[in-house]
Every structure is written in structure tokens, then in C-alpha cells.
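Chemist: Protein chains in written order, with the working numbering: chain A, 1308 to 1426; chain B, 2 to 506; chain C, 34 to 132.
Since the hints were derived computationally from the structure, they do not count as laboratory data. Ideal Cβ positions, reconstructed from N, Cα and C, are used throughout, including at glycine. Some clues are possibly wrong.
As the list claims (entries may be wrong) - So the derived list for chain A, only partly shown, Cβ under 7 Å to chain C, looks like this:
#1 Ile1376
#2 Ile1380
#3 Ile1382
#4 Leu1385
#5 Leu1404
Claimed, not checked - Chain A is nowhere near these chain B residues, computed Cβ spacing over 10 Å in every case:
#6 Glu7
#7 Leu27
#8 Pro224
#9 Gly268
#10 Gly319
#11 Gly360
#12 Phe388
#13 Pro481
#14 Gly502
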Amino acid sequence: MNAYAPILVLGGLAAVFAIGSVVAAALIGPSRYNRAKVEAYECGIEPTPQAVGGGRFPIKYYLTAMLFIIFDIEIIFLYPWAVSFDAMGLFGLVEMLLFALTVAVAYAYVWRRGGLEWD
Amino acid sequence: MNGTDENPLDLLPEVLLAGCAVLALLLGCWLPRHRQWLAGALAVTGCAAGLVAAAVAAAGPTGTAFDASYAVDPVTSTGRIVILGGTLLVLLLSLTSPWLRAAPRETEFYVLVLLAAVGAVLLAGAQDLLLLAAGYLLASVPAYALAGFARDGRGTEAALKYYVLGALLGVLLLTGVTVLLAAGHGTGYPALRRELPDAPVGLVITGGLGVLAGVLFKSGGVPAHYWLPDAVQGSLAPVGAFLTTVPKIGALAAGYRLAAGPLADTGRWWPDLVAVVAVASMTLGNLAAFSQRDVRRLLAYSTISQVGYLLLPVAVAGRTALDQRALLFYLAGYAVTNLGAFAVVCALPRARHLADYRGLARERPALAVALVVCLLGLVGTPPTAVFLGKLAVFSAAFDAGYTWLAVVAAANTVASLFYYLRWIAPTVLGTAPPGDEDRDGDGGRVGNGNAGRAGADPLAGGHATGDATFAGGAVLVAYPAAAASVLLGLLGGPVLDLLAGPLAG
Amino acid sequence: MNPVNYLYLSALLFTIGAAGVLVRRNAIIVFMCVELMLNACNLAFVTFSRIHGNLDGQIIAFFTMVVAAAEVVVGLAIILMIFRVRHSASVDDANLMKL
């Protein structure tokens, strides 16, 4: 049980922060209403009776989602290294740096080729 | 983490290839359109440097790298040299392809070729099921993109078929790995070799079947061959050359390593099963090739039947002293001969049907000679390399007690002569009809002979292979490849001796 | 809990995925079924890792996840491409090339 105590503390801290910020915002934040505030979402797709283009989403959403998946999943390789980086020493560090560099090259490629531009 | 064999220099050829791929990608992002060929030049340089490194490693001692997960032995070394040499030829074919040189994504093509080649090399050297699975996917994923590179109707269809089958068989491979892991309590081949003979036979056979499915997909053997004709016909000619040559080398080397290592002492099911698959592959490939009119489709079915012969040494691995040399020599001979035939196809981008080759001997005698040498080489005519390879492969099957297999393979070889002759005959004997695309017109004008046929046959319509009727650069590959195919056959004895040597681990 | 139960679950997922690949015609659903089979493999890997008491299976599961993501992205790109050319995502409509 002792080993899990930090997790409980962390959970408590998170709860305090979440509740605290909501309450603080309600108490001390200025409340100026505008159009965006009364819509269902403050970001993302505009809610319309029918989705844009007759039930279809623009293809850019899928492209962005695909790019996100790729870069998101690559992080997984950092976990085993993070757990045992002291045992792997310099070799592991250099290996991980090379890995991160390769991912960065992929990112640079996407950026240069316009994969991140919305229009 | 025992740290004894973690020397990155053991993997120098692979590192060079991968490094060049990353650099070329970066380079291509900042180069203006008309200088993108520099990325191709970098890729060629990387391949050549990798070849040198592989040759140096081949002369060095046999051993394993990275916790015995990667073997550095004659199979890996030959695999590296043949794969890198084949990739080099494909890159040269691409650099001389007018369509590709004008494509907006030229750099990406070279990068994808390099990455798929790295995957094939990893397959050849993998001594761990994890690395085998990783190599399979690294060899597959860029290849899917290559198949659909032209982004036209047939290219996308080829990519879709290739992908769906590849994804499915990739899962089967992983399932096989799962089951072998369950049976052998590990993924390293040395450990599996110790454990598998005592494991339940059903588990071992199930696992072996799954892994075999992956190997067959990558090599294009029956029953996992459905993607190959469509992918070769629908994609660009250099991609067809790549898909029918490079991944095969890695996959067959991987199959051999599995058969000679972990599965060696698990009973007779492996040789019997692979023998049946080999017979099915060579027979069905030949039967389907008889009726083809599209040259690329014909070459695709021809490679399916060649995989049948190449599976013979995989079937009898470890049961005869000749198996390894036979496989490696045949692979080298097949790679160079097949690439030579594809180089001729690349040189005549408008000629898609057998009839389009009518009169080639008169119009372009040298190219016709190269084509005939390569086609006769694929049949196995002495003194070409494939002849010697086939001889070695048949002897290996005979040695191991599979006489019937050798007989069936020999009969298939004779039968295959027929469809290669269907291509050779119009090339040598026919005369070109007026206005045929083979005619050396003024600066690459489109022949109306082909246009007429294209109108009659929907298969011939509108593939974007460029406007030129003759891509002169491809002969730079066709002639050396044809010459190498003969030369390798003539020097067969000493080369065969070079390929001997124990497996690592 | 008996780890063998996870193997049953894995086999069940694998069967569902395999049936879907063989029966369904929409390319996206075929991909989803392939993913299901991959995850069945992953579950089996982790379970065997637990049963054997070593980490081999877990490492493979890591690789499978990453590689599956890369594969599925390429697959989605191919579907987008074929949809642009053909306006259909059915694998049966891909029939430009026949014998």
C-alpha cells in the first residue's frame, strides 16, 4: 500500500487543482457573454443540423489525425528507455537521441511538404 | 544487456542505407524541383557505400550482433550484397525514368526504395522473431507506397490489393511469432532451436505455418501470390523490378534461416510442406504465364514460378551440404537476370504487350540481345547464372532425398521455355509494323500502332509512364545486367565456393 | 486470475477479426478487422510474457503497436487515394486488372 501512496497524493493534488480552478474562475473571472460562449463547443467543427458537405468531413481532418497517430505512437519507444535508462547508460542515450532525431526529420519533412497547413 | 556484441559497425551497411534515406528525405525537402535528382544520387552513393561495407564484412569473421539477434554470416553477407546491388540497379532505372524525373515527389521515391531495401536486408539477417517481424513490416510499408506511387487508377488498385493482402499476412506472421514464442519460451533462434523439438508439435506447426505465410507473401509464392501480378502490372516499371526482386531475396533468406535454425529438428513437416508449396508455386506460376499478353504480368508470373524453384533449398535446408550455396547462388543469378529483363521493359515504356516487341531485333539489336539473354537466362539456359543456380537447387533437392521434387521442377523448367519463347519469337523474328512505337522516331513521338491497340484494349490505356517511346538510360542497366547474368554463370564454380560457410549462432 | 483466460479472449478477438476480413467488403472495415487481429496478437504476446516470466512478449507488443500504426496510416492514405480515383471504398470494385 505504501508504494501507492504517491499516486493517491497525486490524484488528490489533481482533484484540488481541477476543482480549485473551476471554482476560482467562476468567482473571480469576468463574465462577458458573446456568441461563441453559447455554442455547443468553443472550438472544432461548427455544429450545424447536418455535417459539413452532406455528412462528410473535409479530408484534412483525416490527414491531421493520421499525422497525429504517427507522432503520438512513436513516443511509445521512449517508455522502455525511460524505465531503464540508467541501466542502458550512454549507449541507450545516444540511441534514443538518434531515434528522436529521426522523428524530428520526419516532422521537418511533414512541415516542409505542407502537411501541417490547413488550407 | 550483456554488452559483448553491441558494435554498431556490425550493421554498417544497414546503417548507411537508413542514414542515406533520412538524409535524402531531408535534402529533398529543401532542394528545388529541378535538383531533386541529387537525392537520387545520394541514394545511389549510399547503396554503393553499403555494398563496399557489405563486401568488407563478408570477408570478415562470422558472428552475431546485438545480443545474438542479428547474424553476420554468409547468408547475411550474400543477402546484403545482392539486395544492395539490386537496389542500386533499381535506383539507376528510376533515375533514368523520364516519368519519375518529372514527378513532383521524386525524392520520396528514392527514400522509399532505400527503406524497403533496409527491411529486406533485415529480413535476411534476422536471428530473432522480433527482428523478423520488424523487418517484414519495414520491407512492406514503403513497398505499398511505391506500388501506388503513380497515383492513377491502376496504381492505386495495385497498392490496395498489395496492402490488404500484406496487412492480413503480416498479422498471420505475427500470430506465428506469438505461437512460436509460446512454444519456445523466447524469440531468439538459438534458444528456439533448443526448445522447439520438445514443444508440442501442433504448436510448432501452427507457428511455423504463420511465419511461412509471411515469408511467402514477401517472396510472392503461392498461395500468397495474388498481389504480385497486379502490383507489377499496375505500378511503374522500376517499382515492378524492385517488387519482384529485392523483397524476395530477404524473405527467402529469412525462410532458409528459419528452416536451418529453429525449425530444423522439429520433424519432416516443414520440408514436406514447403515442397508442396514450391511445386504449387512453380506450376501455377507457369500455367498462368502461358496466357499472358502484358509483358509485365508475364514477368510477374514468371517470378512466381521462379520462387517455386527458390523454395526448394528452403525446403531441404539443413538436410544436404548444398542447400545454402544453391539458394544464395540462385538468388544472385535470378536477381541480376530478372532486373535485366525489367530494364529492357523500362527502356521501352510504351511497349506493354508482347506484340509491341515485334521487330525489336531490327530496330534495336543490342537491346534485343540483352532481352533474349535475360529471358533465356530465366529459363535456365547454359551458360547463364540461373542455369547453374537451377542445377545446384535440383541437386540439393536430389541429395536430400526429394527426387520427385527435382523431377517436377525440371519438368516445369522445360514447360516455362514456352512462354519465354512467346516473347522472344516476335522480338527476334517479327518485323515492326509501320508507325510502331519501337521505331526510332524524332525525339520520342508516340507511335500510333500502340495507340490503336490501346483503343481496342482497355488494359493498355493511359498509364503515366512518360511520353518517350524509348528511355535510353535504362540500357545502362540492361546491358550490364545481361552481361553479369552470363558472367556469373561462367564464374559459377568459384562463386559457389565463396557462398559456403556455417550459419551464425 | 488465470492467464489462460486472456488467451481465450485473444483467440476470440482474432476470430472476429479474421471473419470480418473475409466477409466485409468495405476497405475501412477490413482494416479495422486487421487491427483487431493485431491487437489479439498483442494481448497474446503480453499474456505469454506473463506466463513465461520474461519480457520478450512485451517488447514485441511495443513494436507491434508502433508498426501497426504506421501500417494503418499508409493503408488509410491508400484508401483516400483510391476514393479520389474511384469514389468507392469497396475492395470488390477494385477490378481494373484481371487475367
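Chemist: Taking each numbered hint in turn, which are not upheld by the structure, reported in ascending numerical order?
Modeler: 3, 4, 5, 6, 7
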